[in-house]
Amino acid sequence: MSIEPRPPPAQFVARLRRTLGGRAGWNGFVFQILFVAALVWIGYEIVANARANLESQRIASGFGFLRNNAGFDVSMTLIPYSGSDPYTRVFLVGLLNTLLVSILGIFFATVIGFLVALGRLSPNWLLSRISGAYVELLRNLPLLFQILFWYLAVLAALPNPRQSVSLFGIVFLSNRGLIVPKPIGDPGLEPFVLALAAAIVAALLLHRYARRQLFESGRLITIWPYVAGLLIGLPLLSSLIFGVPVTFEIPELKGFNFSGGSRLIPELVALLLALSTYTASFIAEIVRAGIQSVHVGQMEAGASLGLSRGSTLRLIVVPQALRVILPPLTSQYLNIAKNSSLAVAIGYPD
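For what it's worth, the working numbering labels the leading residue of the sequence shown as 1, then goes sequentially.
Hints were generated in silico from the structure; no laboratory data involved.
Incorrect hints may have been included.
FRET-style restraints, in silico, Cβ to Cβ [what the hints assert, rightly or not]: (1) Ile-223 - Arg-309: 12 to 22 Å; (2) Gly-260 - Ala-157: 35 to 45 Å; (3) Leu-127 - Gly-260: 39 to 49 Å; (4) Phe-91 - Leu-148: 18 to 28 Å; (5) Phe-248 - Gln-298: 17 to 27 Å.
Remember, it's a predicted structure, so these values are computed and weren't measured experimentally.
Every residue gets a Cβ at the ideal spot worked out from N, C-alpha and C, and that includes glycine.
Work the whole structure out from these sequences, hints included.
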């Protein structure tokens, strides 16, 4: 028994003819192919002509310059760098600086945004009005203005290192930046990290068990003392057995500047403050809208179960609100990374 190919359905043939419009449709299709081919040919001729002109004038093109020595220093680096390093090293330094300010900005903006959102939803009249004024003021001021304000009006007005603001004699704030103790890893660091990781895993398993008991039997188990004991006890036990994991190099004032410690340059501090507070005003509105999208009956149901307002928000309202919060929140995180390009206005090396 032979299998013969089936002809295409009549409806498909008719639809194809209507789409192409008969002979005129075929002509248009051929014209589009020729037009695209012409564009490709013109682009090739432009590139070839530009390359020939550059070669005739002995001008190098491409990315070969990245192997040349940079010949300049960078005010802040997270990795070792000197002026004799190639441009690829400079690019890596700038990329790491951008990631640093973006990650820190995302963290602080999220924390501030959630706190301001809860403040706006608070029944306390004064707290609600202060949170509302924060949102309306900061999100309507241009970000570049806020960056310049923090850098020129606040940080530049700080005293010099000799008259710097000191906190317990180990943290110093001056017009040179924020000087903090520098952590230095010791041999006990690796066991400490492993103990901390084990404590975090155990705390997550304990939290999962408590949630299962809550949903299956309605019994609320208080686990925070056990979680605190795990997170503090295991790392502390590791430190007692294997030694202190980290020591700190304390900065000291020598002459007209500080020696030792880690320095956060004023450009980083100003950019981080502006990005965090500005983006937090948008995140606050996103979180507030997400919480208000959950029906008020959910709060009443939590209260009827004997849960406090905080427990109701944490266990019932916020998990449901995350479906509304996460998409625009992701956009704000991307905005932080993009807005960090304004660092060029104050000379931050990103």
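Quick rundown of the hints versus the structure:
Between Ile-223 and Arg-309 the beta carbons are some 19 Å apart, a value that agrees with the proposed interval 12 to 22 Å. Roughly 26 Å separates the CB atoms of Gly-260 and Ala-157, a value that falls outside the hinted 35 to 45 Å. Distance hint for Leu-127 and Gly-260: a CB-CB separation of about 41 Å, consistent with the stated range 39 to 49 Å. In this structure the supplied range 18 to 28 Å holds for Phe-91 paired with Leu-148, their Cβ-Cβ distance being about 27 Å.
In this structure the supplied range 17 to 27 Å is violated for Phe-248 paired with Gln-298, their Cβ-Cβ distance being about 46 Å.
Consistency note: the structure conflicts with the earlier hints numbered 2 and 5.
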